[in-house]
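Visitor: In order, the protein sequence lines correspond to chains A and B.
First residue of the first sequence? That's 1 in full-length UniProt numbering, and the numbers climb one at a time after it.
First residue of the second sequence? That's 1 in full-length UniProt numbering, and the numbers climb one at a time after it.
Derived by calculation from the structure, the hints in this document are not laboratory data.
A portion of the hints provided could be inaccurate.
Reference excerpt, derived from the structure (chain B facing chain A, CB under 7 Å, subset only) [said to hold, decoys possible]: (1) Gly239; (2) Gly262; (3) Ala264.
All C-beta atoms, glycine included, are put in the ideal place defined by N, C-alpha and C.
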Amino acid sequence: MTRSNPTRIAVALLAAGALLSTSGCGLSGGAGDAKEAERTGRVAGRITFRTLQLKPTFTAYVQGVIDAFEKQYPEAEVIWEDVPGDGYNEKLVADAQAGALPDVVNLSTDSFQLLGDRGMLADVAQLDGALAKEYVPGAWEQFKLPGRGDSVYAYPWYVTPEILTYNRELFEKAGLDPDRPPTGVEEFFDCAERIAAASGGRYSAFMADPKGRLPGDWQKMGIPILSEKQDRFTFDTDKAVEWVERMKDLYAKGAMPKESLLKSDDINQLYGGGKIVFGPGSPGFVKDIKQNAPQIYAKTQVAGAVTGKLGHIGIYAQSLGIRKDTEHLDAAAEFAKWVTNGPNQVEFSRKATIYPSNAQGLADPFFSDRGDGKDAETLARAVGADQLKTAALDANTPVQWTNQVGDAVVREMQKAIKGEQDPRTAVQKAQEAANRLLAAAAEK
Amino acid sequence: METETGLVHRTWWTPYLFLAPGLAMVTLFSLWPFVNTVILSFTDARILRGGSFVGLDNYRRAFADPDFWVATGNSVLYLAVVVPCLVLLPLALAVLVRTKIPGIGFFRSAFYTPVIASAVVVGLIWQWVLRSDGLVNTVFQRLHLVSEPVPFLTDSAMLLVSAMIVTVWKGLGYYMVFYLAALGNVPATLYEAAALDGAGPVRRFFSITVPQVKPMMLLVGTLSAISALRVFTEIYILGGESGGPGGGARTLPFLIRQVGLGFAGETGYASAISILLFLLTLVFSLLGRRLSKGDER
Numbered sequence: 001m002t003r004s005n006p007t008r009i010a011v012a013l014l015a016a017g018a019l020l021s022t023s024g025c026g027l028s029g030g031a032g033d034a035k036e037a038e039r040t041g042r043v044a045g046r047i048t049f050r051t052l053q054l055k056p057t058f059t060a061y062v063q064g065v066i067d068a069f070e071k072q073y074p075e076a077e078v079i080w081e082d083v084p085g086d087g088y089n090e091k092l093v094a095d096a097q098a099g100a101l102p103d104v105v106n107l108s109t110d111s112f113q114l115l116g117d118r119g120m121l122a123d124v125a126q127l128d129g130a131l132a133k134e135y136v137p138g139a140w141e142q143f144k145l146p147g148r149g150d151s152v153y154a155y156p157w158y159v160t161p162e163i164l165t166y167n168r169e170l171f172e173k174a175g176l177d178p179d180r181p182p183t184g185v186e187e188f189f190d191c192a193e194r195i196a197a198a199s200g201g202r203y204s205a206f207m208a209d210p211k212g213r214l215p216g217d218w219q220k221m222g223i224p225i226l227s228e229k230q231d232r233f234t235f236d237t238d239k240a241v242e243w244v245e246r247m248k249d250l251y252a253k254g255a256m257p258k259e260s261l262l263k264s265d266d267i268n269q270l271y272g273g274g275k276i277v278f279g280p281g282s283p284g285f286v287k288d289i290k291q292n293a294p295q296i297y298a299k300t301q302v303a304g305a306v307t308g309k310l311g312h313i314g315i316y317a318q319s320l321g322i323r324k325d326t327e328h329l330d331a332a333a334e335f336a337k338w339v340t341n342g343p344n345q346v347e348f349s350r351k352a353t354i355y356p357s358n359a360q361g362l363a364d365p366f367f368s369d370r371g372d373g374k375d376a377e378t379l380a381r382a383v384g385a386d387q388l389k390t391a392a393l394d395a396n397t398p399v400q401w402t403n404q405v406g407d408a409v410v411r412e413m414q415k416a417i418k419g420e421q422d423p424r425t426a427v428q429k430a431q432e433a434a435n436r437l438l439a440a441a442a443e444k
Numbered sequence: 001m002e003t004e005t006g007l008v009h010r011t012w013w014t015p016y017l018f019l020a021p022g023l024a025m026v027t028l029f030s031l032w033p034f035v036n037t038v039i040l041s042f043t044d045a046r047i048l049r050g051g052s053f054v055g056l057d058n059y060r061r062a063f064a065d066p067d068f069w070v071a072t073g074n075s076v077l078y079l080a081v082v083v084p085c086l087v088l089l090p091l092a093l094a095v096l097v098r099t100k101i102p103g104i105g106f107f108r109s110a111f112y113t114p115v116i117a118s119a120v121v122v123g124l125i126w127q128w129v130l131r132s133d134g135l136v137n138t139v140f141q142r143l144h145l146v147s148e149p150v151p152f153l154t155d156s157a158m159l160l161v162s163a164m165i166v167t168v169w170k171g172l173g174y175y176m177v178f179y180l181a182a183l184g185n186v187p188a189t190l191y192e193a194a195a196l197d198g199a200g201p202v203r204r205f206f207s208i209t210v211p212q213v214k215p216m217m218l219l220v221g222t223l224s225a226i227s228a229l230r231v232f233t234e235i236y237i238l239g240g241e242s243g244g245p246g247g248g249a250r251t252l253p254f255l256i257r258q259v260g261l262g263f264a265g266e267t268g269y270a271s272a273i274s275i276l277l278f279l280l281t282l283v284f285s286l287l288g289r290r291l292s293k294g295d296e297r
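Model the full assembly from the supplied sequences, consistent with the hints where possible.
Guide: If you want it as structure tokens, here you go:
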């Protein structure tokens, strides 16, 4: 090897590396309002249907639903594509930019907001006036958009409610009554304090996870997140400061695993290993624990979620949106209605730990059966379904609380909880940062 | 016209024909995105909307943004610590594993193992090692070296150091192979002559090995500088998506991702930070070039 070769390679590599370090970051293009499709009264044509990570576990179920639809409407053909969860929203954005959205598309809360705001989805309330009564009110309302009247821009699909799960044995060890779980945030913190005192450092009470806890905890404490006009954040209150002070105190006392301030992805492991008292608040988790940690499952108790002053949970439904300028509006609309009808949603819920957003589906005895009241999985299903009946949108994360707002708030909270910043200053700075982001988003 | 071998004489455009596929790929996937990023950096574009021209606003915003300076400081610090380690330690390791002792092949393979392990797996393993109830803290506490767990992952400065350790650990085997190739090209006669002249192993290392592998050291320095400036995975896996408590361990690529991704992602501003990262990389590129020129003289 000559002396100059590596040098030349080095310079070339550096230039290429520098170039590549920046090249992945650009995105351009725009998407305006799409032209609206019209109904013809004929359910026919080839439509594309995109789901979020249902293959291979639910291939048979989804294909069965599609086959039955095609049998009912022989002139219609459904081309199904399933996209992995990782990068799903990014792909949706890219497709929206390229005008290549599928005719029927599975949307989460944030992707619904994004496509709905940009006028890319058909108004399903207008397509079928009698549709509203088929779904749970909270779920139906979720797909309205501010300033667009009674229009609804997606068919509600499956739902996952919030519940409370905890290790009964460790709960008792702290001198707490497992049959009287906390119902408010302050009460939850009191329990955590007693658990931390009784644990001797061997286990913790709950995950700090400020990103997961906010703004939910504040809403449950009655803290106003937004002004009445919804044009600025107003959470800088004594109550919010109190929340930070409690979190800081509990963190110092060992009520939360130290790393959970930054990450919460190991909660199943920690709960399954008896290292934490409060588990994740989802019924699906109870099933996981049953399979992976049967000993802890036997000690798991289920109750209604901590709802504080609101008294009910929020509702986050997956939905099926119809591309506004689809060429086969009738086929797309009928298909989305077919997938989200009562029987199909109940069948889906029997295969996965999810719930129907369809009122008829949710009324199925499968969701009210509490068994002998001792099996956590059965109980979780009944408790979750019960909570869904009264779920309302005011417990949902406001759309103004974007991922970036959440990150900005969480950064200040992390510093305060660690004791690197005064709680009052942290809340002030968090609100300032959140309002800056909100103003910037409104300007552009 | 056909030659005796049956091959057709090349015309003037033949080389370009061979170059075309590669050139097209580079243009499509590197040059155009780069040009696009430069353009976007002067706009207020967001994820789903092409923006309008805002001049140098994004750059002014970056210079006034404390987060940008924290990220720049962290990136430069990362480079300043990681590059010397990755230039010197793998060389020492390469010299060591060239020793002819039984079973050395095993060590060569062992040192290379972290290179083929996925960054995520490496991050997870180190997370288990460094967390407050992890291996290191348990050992430290059992030996009564510390009363409280060392906050390897929950303190911004410690998190950055932990990520640097992971980067160096993962890079050791990779760059060791580079040095093994370079050491193989050093004439054995030089060592023999030096030994005859009475030079000991240390003298031979500094007077023969180091000058002979200096061009390779430059290459390794350049490569490790690029990866240091682009570090993301280690910090993300060890410190979560906020980049350490309060985002105090964020590097420039981390900040670009945070600003530019998501449905509220500010593509224009993220592009401006990308260009600033490019310029920073260019500065180190020119520095490297100067060093190599001095070396050639």
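Visitor: Decide, hint by hint, whether the structure agrees.
Guide: Evaluated hints:
| no. | hint | verdict |
| --- | --- | --- |
| 1 | Gly239 | holds (6 Å) |
| 2 | Gly262 | holds (4 Å) |
| 3 | Ala264 | holds (4 Å) |
When held up to the earlier numbered hints, the structure conflicts with none and fits them all.
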